[in-house]
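A.B. asks: Spelled out from the first residue to the last, the chains are:
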Amino acid sequence: MSTMRSLTFDAIIIGGGGAGLRAGLELSQSGKKTAVLSKVFPTRSHTVSAQGGITCAIGSADPNDDWRWHMYDTVKGGDYIADQDAAEYMCTEGPKAVFELEHMGLPFSRFDNGRIYQRPFGGQSKDFGKGGQAARTCAAADRTGHALLHTLYQANLKNGTVFLDEWYAIDLVKNANDDVVGVIALCIETGETVIVKSKATVLATGGAGRIYASTTNALINTGDGIGMALRAGLPVQDMEMWQFHPTGIHGAGVLVTEGCRGEGGYLVNKDGERFMERYAPNAKDLAGRDVVARSMVLEILEGRGCGENGDHVFLKLDHLGEEVLNKRLPGISELSKTFAHVDPTNAPIPVVPTCHYMMGGIATNVHGQAIAQDDSGNDHIVNGLYAVGEVACVSVHGANRLGGNSLLDLVVFGRAAGKYIESALNEGIEYLEPTQADIDTALVRLNRWNESDSGESVPELKRELQQIMQNSFGVFRQEDKMEEGVQQLSELRERIAKAGLSDKSQVFNTARIEALELDNLMEVAEATAIAALARKESRGAHSRYDFPDRDDVNWLKHSMFFPRDKRVGKRDVNFAPKTVERFEPKIRTY
Amino acid sequence: MLQVSIYRYNPETDSAPYMQEFQVDTQGRDLMVLNVMEMLKEQDSSLAYRRSCREGVCGSDGMNMNGKNGLTCVTALSEVVKDNKLVLRPLPGLPVVRDLVVDMSLFYKQYERIQPYLLNDTPAPAIERLQSPEDRDKLDGLYECILCACCSTACPSFWWNPDKFVGPSGLLQAYRFLADSRDTATEERLSELDDPFSVFRCRGIMNCVAVCPKGLNPTRAIGKIRELLLANAT
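Each protein sequence line maps, in turn, to chains A and B. When you line the first sequence up against this note's numbering, it's residues 194 to 783, in that order. When you line the second sequence up against this note's numbering, it's residues 493 to 726, in that order.
FYI, nobody ran anything at the bench for these hints, they're computed from the structure. Nothing here was measured: the structure is a model prediction, and the numbers come from that model. Every residue gets a Cβ at the ideal spot worked out from N, C-alpha and C, and that includes glycine. Warning: the hint list may mix true and false statements.
Which chain B residues face chain A? A few, computed with CB under 7 Å, are given here [as the list claims (entries may be wrong)]:
#1 E604
#2 S624
#3 E719
#4 L720
#5 L721
Calculated cross-link-like contacts (lysine-lysine; reagent style DSBU-like; alpha-carbon spacing at most 35 Å) [as the list claims (entries may be wrong)]:
#6 K577/B x K520/A
#7 K560/B x K390/A
#8 K771/A x K225/A
Each pair of labels, with its calculated beta carbon distance range [to be verified]:
#9 D595/B x K530/A: 26 to 36 Å
#10 G520/B x E495/A: 31 to 41 Å
#11 G514/A x I697/B: 35 to 45 Å
#12 E515/A x S673/B: 54 to 64 Å
#13 T518/B x D371/A: 28 to 38 Å
#14 Q629/A x N612/B: 30 to 40 Å
#15 T614/B x E495/A: 55 to 65 Å
#16 S673/B x S645/A: 49 to 59 Å
#17 G520/B x A690/A: 44 to 54 Å
#18 E515/A x K560/B: 51 to 61 Å
#19 G514/A x S673/B: 24 to 34 Å
#20 T518/B x D567/A: 19 to 29 Å
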């Protein structure tokens, strides 16, 4: 492999969504030689699909709004396993990060006074839950993710970021000290494989919703960063925590924003009953997403679902009137007509809880530095490796993310990682070159696929994986089903190890990419399954029939999944914010 | 059985492009064109095309379907299939990389050329810059562009002069910044466009409007830029 080309950057960012572009922007602005490597042209990244907005206490809808209230909501929403130092950092830095986006040109919707429009979203309150519903989500109609992603891409163009568009990261390269020193990557257009060397490798690869059969996620959300981390022997945190969004369009899985309910829409069962009034008397349809999703599933299981098969509920919007729908929710009307054949101005949209977001990921501190644990459970930094956005678990979302907090997470921690890497580079980072053997290790799986001659096909294996996850690790979970799922996944792993790639061509070979993605889906699915089986309680998005209560004595902890021995350990949650009193765990009601 | 005819070309093995015929059993469902392509890829994994969001917002899967550009993920068979036949070709006018994947470099170059970012030479305030809802409304119909290239590759003027005519997508973006009350670089932006090719190659045939999957109107934006250029000239 001596002919393999090598590229060198001060920082290499893997992933061109919101987090990667925000980190790239910070580093390019500081004059560092920065590359963003993305398997799709950056504006095709999944951030583009975010709709409702970015939650932040900028004091526009309510001049008295307070970042501490936002922090309280975030910690409560996460069922108390969000790290409070991280939530504090996000909520205090948030306004700066949002105003920067506006200064870059993000076309936010506006109030009459010219300030940024904010709408109510789920789990938001004033005065630490005592002052009623807040309106804290900054929006560009219902296309906030699109507006944000394009704005960030444009800002990177302005600042001269190098883009490696349509390049696919295969595996991390580690040196003799176990530091991450770069990544093996494949140029999709030419098929060339190169090593990208850097003192700072930033994973910003997003989520992995494609482990489920039904998901709001883009087809590209295959957990590539999680797969790379696990194959590099690194642990991942809270992987059992998957958010099911209450309102995926029935059948298609396409998302309709929580902003629909923020603007006054509500859910009804087949009797036309606004059932959330029973489950969450105060917040009703704007309770936490986990709460709403569970309530919907219960309605369906108890025979009050809508449609011929009683397998969904309705989201009613027609009472909002054409003007609000056109002004505030134009994208929803379009999606609803295309995928549900329903015009929301005169008929309700059929919806069902759908896999949406990975709360877990690579544990990091607020600077984006990846954290691993030694055998005695002590944290240590993984030199050279950073993670930001959905692939990271910093953790601001704990066991359940609040709507609008993902876009804030992206920009705040993308920016924070960029700032930290800049100063670390200025101070000097030691760099030990990888040996040929180190590089060969990172090439093993690419070579495996390239040398496979026959075997089962990738799409079929992927479908099976998605079905296992859907059946055994959905909204409600129980021991025997999960044990069965873990067993099925272990058999599937054997089969994937022998699967075949029939197309060995070089130029834009998407079959090879899909094969490499399948390896990553497998890693994410297994980590999810084993962690879910280990957490014997119900907390946030992780709901078990056999352990229906939260267990703060044993599980007020992060889970850590270790890939080498497939073991699940525990890691302390941070309860030490710097400037406010900690929020003590309370019973979580809405 | 739906008859599907697909443009194939792999530069490693094919000396020239050809059309390959497939038959797909849709079981009478009104699938999206992308769903049909996924079914075909299971039959022949070597078929190459781009896709990502599958809901019409990422702009990856612009393609020519029965002669008309559009996004495969939001185009139902019932909208395009005629006489039980579907013909899929890459977007016209750009070099083909492989099968349905085109080289978008020229398209992106025109986008970059119009300085697609807010320029404001006044110091930024501690909060956001204020903008009235009326001024913000002027960006509607402009900022929603997803860079799918359906419009520019349906435009004969862009086919002829892809290096010199900015094209409908780039000009829509140019006007998005000209129309933004927060942007202070109007003069600079207009002078960059003030030549016989950049804007004035538009002949107003409105192919761009007919194909835009987001329902945007580049021709109207181009008209506005013309007005600004002409007003500037006098």
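A.B. asks: Would you mind marking each hint as holding or not holding in the structure?
C.D. replies: Going through the hints against the structure:
A cut of 7 Å between beta carbons decides the hint on E604/B: the least distance to chain A is about 6 Å, and the hint holds. Against a cut-off of 7 Å between C-beta atoms, the interface hint on S624/B holds, since the closest Cβ of chain A lies about 5 Å away. The interface hint given for E719/B is broken, as the beta carbon of that residue sits about 22 Å from the closest beta carbon of chain A, more than 7 Å. For L720/B, the shortest C-beta to C-beta distance to chain A is roughly 19 Å, which exceeds 7 Å, and the interface hint is violated.
The criterion of a C-beta within 7 Å of any C-beta in chain A is not met by L721/B, whose closest approach is roughly 22 Å, and the hint is violated. Restraint check: the Cα-Cα separation between K577/B and K520/A comes to about 39 Å, which exceeds 35 Å; the hinted pair is violated. For a cut-off of 35 Å, the pair hint linking K560/B to K390/A is broken: about 44 Å separates their Cα positions. Annotation: proposed proximity of K771/A to K225/A holds, straight-line Cα distance about 31 Å (limit 35 Å).
Roughly 33 Å separates the CB atoms of D595/B and K530/A, a value that falls within the hinted 26 to 36 Å. A C-beta distance of roughly 33 Å is found between G520/B and E495/A, which places it inside the suggested range of 31 to 41 Å. Checking the proposed 35 to 45 Å range against G514/A and I697/B shows it holds: the Cβ atoms sit about 38 Å from each other. A beta carbon spacing of about 27 Å between E515/A and S673/B contradicts the range 54 to 64 Å that was offered as a hint.
Judged by the Cβ atoms, the range 28 to 38 Å given for T518/B and D371/A is violated: they are separated by roughly 52 Å. Judged by the Cβ atoms, the range 30 to 40 Å given for Q629/A and N612/B is violated: they are separated by roughly 51 Å. The given range of 55 to 65 Å is respected by T614/B and E495/A, whose C-beta atoms sit roughly 60 Å from each other. Our hint of 49 to 59 Å for S673/B and S645/A holds, since their Cβ atoms are close to 58 Å apart.
A C-beta distance of roughly 39 Å is found between G520/B and A690/A, which places it outside the suggested range of 44 to 54 Å. Between E515/A and K560/B the Cβ separation comes to about 29 Å, which falls outside the hinted range of 51 to 61 Å. One distance hint, 24 to 34 Å for the beta-carbon pair G514/A and S673/B, holds here, with the actual separation near 28 Å. The hinted window of 19 to 29 Å between T518/B and D567/A is violated, with their beta carbons roughly 56 Å apart.
Figure legend: structure checked against the earlier numbered hints; hints not met, in rising order: 3, 4, 5, 6, 7, 12, 13, 14, 17, 18, 20.
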